[in-house]
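Enquirer: The residues making up each chain are set out below.
Protein chains: 2
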Amino acid sequence: MSQYTEILLTQRPDGNPIGPHMFEVKHKPVPTIGPGQILIKQTHMSLDPAMLGWMMPDTNSYIPRVELGEVMRSSGFGQVVESNHPDFAKGDNVMGMMGWTEYLVSTGQGINKVQAGVTAEMALAVFALPGLTATQGLFNIGKPKVGETIVVTGAAGSVGSIVGQLAKADGLRVIGVVGSEEKADWIVSELGFDGAINYKTDDLESKLEELTPDGVDLFFENTGGPIQHHIFHRMNTHGRIIVCGMIADYTAEEPAPGPNWINLIKKRITVQGFAMPDHFGDVPNLLAKLTPYVMQGKVKYRTHTLQGLESAMTGLNLFFTGENKGKLLVEL
Amino acid sequence: MSQYTEILLTQRPDGNPIGPHMFEVKHKPVPTIGPGQILIKQTHMSLDPAMLGWMMPDTNSYIPRVELGEVMRSSGFGQVVESNHPDFAKGDNVMGMMGWTEYLVSTGQGINKVQAGVTAEMALAVFALPGLTATQGLFNIGKPKVGETIVVTGAAGSVGSIVGQLAKADGLRVIGVVGSEEKADWIVSELGFDGAINYKTDDLESKLEELTPDGVDLFFENTGGPIQHHIFHRMNTHGRIIVCGMIADYTAEEPAPGPNWINLIKKRITVQGFAMPDHFGDVPNLLAKLTPYVMQGKVKYRTHTLQGLESAMTGLNLFFTGENKGKLLVEL
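Line order of the protein sequences matches chains A and B. Here the first sequence is numbered in my numbering, starting from -11 and rising by one per residue. Here the second sequence is numbered in my numbering, starting from -11 and rising by one per residue.
The hints are simulated quantities; they were obtained by calculation from the structure and are not laboratory data. These numbers come from a predicted model, not from an experiment. Check the hints yourself; a few may be wrong.
The list treats identical chains as one, so a pair stands whether inside a single copy or across any two.
Said to hold, decoys possible - Below, in silico cross-link-like pairs of lysine to any residue (SDA-like), each with a Cα-Cα straight-line distance of 25 Å or less:
#1 Lys78 x Gly310
#2 Lys277 x Asp46
#3 Lys255 x His226
#4 Lys195 x His73
#5 Lys254 x Asp75
#6 Lys288 x Ile51
#7 Lys254 x Ala244
#8 Lys78 x Asn128
#9 Lys29 x His267
#10 Lys286 x Gln67
#11 Lys133 x Glu242
#12 Lys254 x Pro1
#13 Lys254 x Gly310
#14 Lys255 x Glu170
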């Protein structure tokens, strides 16, 4: 009987790097399926910043935390290897919430078939959480208009890179904030951003001023950190701030202060936080909005692929250091 | 030839109390009117926190600042004493932006006739900026629902007291934050608030927790200050924060930090600043929404009336100390 591996969360983040001490690696026999079930062999797993939130003790989060002793939660791509389900056939490519495991048994709930021709990379880097999040945040919350200026933090990240490209395709001036020269170069040369700020080396205030001569109308926030205050102060009247991620504060004991609200009045600014679980019912509309941009070649992506399930345990630290170059995936 | 008094702004706030050193009191002959003009004798002048913003050097504000050497800006109530205008007759009661002056000549622009039976006090305390602001902020931005909990800061103030009463009339649980026991008593006993917090003497965290057992769905912010952080942390999922005033920070050199944005994501909160000049085109709709509440006796108000134009110069300080008991007016 062949074996497979799954990884359980056994300890919550404590401010130190995430690593094997927080997980239990279990080897189990590949299960058999019952009536109405399918067996999925996961081939690619997505690592997302949201996972850091799911691991925290905070029960007040928008998605239930992962309980200690549970298989760590994640979305993934795989193949149906056995099916007792009328909607799925052996060999179908599928995606959905699969968890840190090589095999899973499913009733098909939350598992979607992937169209032929869509690779695992494209499925997880564009049509999964990153693309849906970018679409919801930019269009439904940000309501961008031609000629406006948007600043995107985490601009080389899975969500930010898509936000910037969608905004660019719609005629906005697009400035991205990144953490390396290589990423700055990538978003400008490859993705077509109008400018990049390296938050680690640039003079934030003067660089931002130079790149946003007409101020900032939209601010798509993925990171937090000191750049937030600079962008906030460049906001124009009736500006919209879309708060999507705050990686700088996910595991902070004492979150950094935010901007004073007086400018919200002076400039009539709206700051709106959102999270995709509220919008899962709207996924068909979001995909309908996103797909044409992808089909027209306006959404490029790159992936940073780790090898083997166990690499996920340390791979999550790449979100803190920003060393991942592209959508972080694990190939199983 | 009879004389009248007007007061010009000659110096901007410097962190010290506002007083006569910042103004010039001028005595001038009562003017005569030309074709199409009216002469208004102002009888009551409104003092509003927004004036503190208009006096500041910041040109980035939503209303142009008052330039040095200009008559200080304000709204008021008065009578037409001469008219060469087809729409106004001698004896008409009118309201509008009149400035710190006993008389003014107007073409009628921005001056509205006041219905018989509406006193100067009701006109300025309810149907002017305070009531319009409360209506816009609560209904159009806050979108309150029966059974929700709202916390209003500056709850005994001109805007806050109306917000609370409108919310109460619509079936919300209404908690007000005030700066004295007398005001706490007034908003609960007279206005029907469900509870009051004295930010100067109460333990903010425990009192807020006690009074908002189901958390806070709407936060109508008129003041800023440390209570802001406590209310922010009590916000429920999908909460709305309406940022209307930040009196604690209007003249601050270094505004106090705001809350970190991570909870905006976790709880999908919207924070929206607004200012009435954006909505002046919507005044007829706002009045149509507000008037039935007033006619049904659901909006009580009280006024704190200073005597004589010159009392305005020191009267503005009452906004900082919170010593005014009711809508601040000057009777000329």
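Enquirer: When no copy is specified for Lys255 and His226, does a C-alpha distance of 25 Å or less occur within a copy, between copies, both, or neither?
Expert: Answer is both; intra-copy 6 Å and inter-copy 23 Å each pass.
Enquirer: Is it within, between, both, or neither for Lys255 and Glu170, if the alpha carbons may be no more than 25 Å apart?
Expert: This pair counts as neither: shortest intra-copy Cα distance 35 Å, inter-copy 35 Å.
Enquirer: How would you classify Lys29 and His267 at a CA-CA limit of 25 Å: within, between, both, or neither?
Expert: neither (28 Å within a copy, 57 Å between copies)
Enquirer: If the cutoff is 25 Å on CA atoms, where do Lys288 and Ile51 land: within, between, both or neither? Let me know, please.
Expert: neither (29 Å within a copy, 44 Å between copies)
Enquirer: Please work out whether the CA atoms of Lys78 and Asn128 approach to 25 Å or closer within one copy, between two copies, in both situations, or in neither?
Expert: Answer is neither; intra-copy 37 Å and inter-copy 53 Å both fail.
Enquirer: Under a CA distance limit of 25 Å, which applies to Lys254 and Pro1: within one copy, between copies, both, or neither?
Expert: between (40 Å within a copy, 18 Å between copies)
Enquirer: If the cutoff is 25 Å on CA atoms, where do Lys78 and Gly310 land: within, between, both or neither? Let me know, please.
Expert: Neither way: Lys78 and Gly310 sit 38 Å apart in one copy and 73 Å across, limit 25 Å.
Enquirer: Give the relationship of Lys286 and Gln67 under a CA distance limit of 25 Å: within one copy only, between copies only, both, or neither.
Expert: neither (28 Å within a copy, 64 Å between copies)
Enquirer: One pair to classify: Lys133 and Glu242, alpha carbons no more than 25 Å apart. Within, between, both, or neither?
Expert: So Lys133 and Glu242 fail the 25 Å test inside a copy (36 Å) and across (33 Å) alike.
Enquirer: Between Lys254 and Asp75, at a C-alpha cutoff of 25 Å, which is it: within one copy, between copies, both, or neither?
Expert: For Lys254 and Asp75, the Cα distance exceeds 25 Å both inside one copy (55 Å) and across copies (35 Å).
Enquirer: For the identical chains here, do Lys277 and Asp46 meet the 25 Å Cα criterion within one copy, between copies, both, or neither?
Expert: neither (33 Å within a copy, 41 Å between copies)
Enquirer: With identical chains treated as interchangeable, where does the CA-CA distance between Lys195 and His73 reach 25 Å or less: within a copy, between copies, both, or neither?
Expert: neither (56 Å within a copy, 56 Å between copies)
In summary, the structure is inconsistent with hints 1, 2, 4, 5, 6, 8, 9, 10, 11, 14 from the numbered list given earlier, while agreeing with the others.
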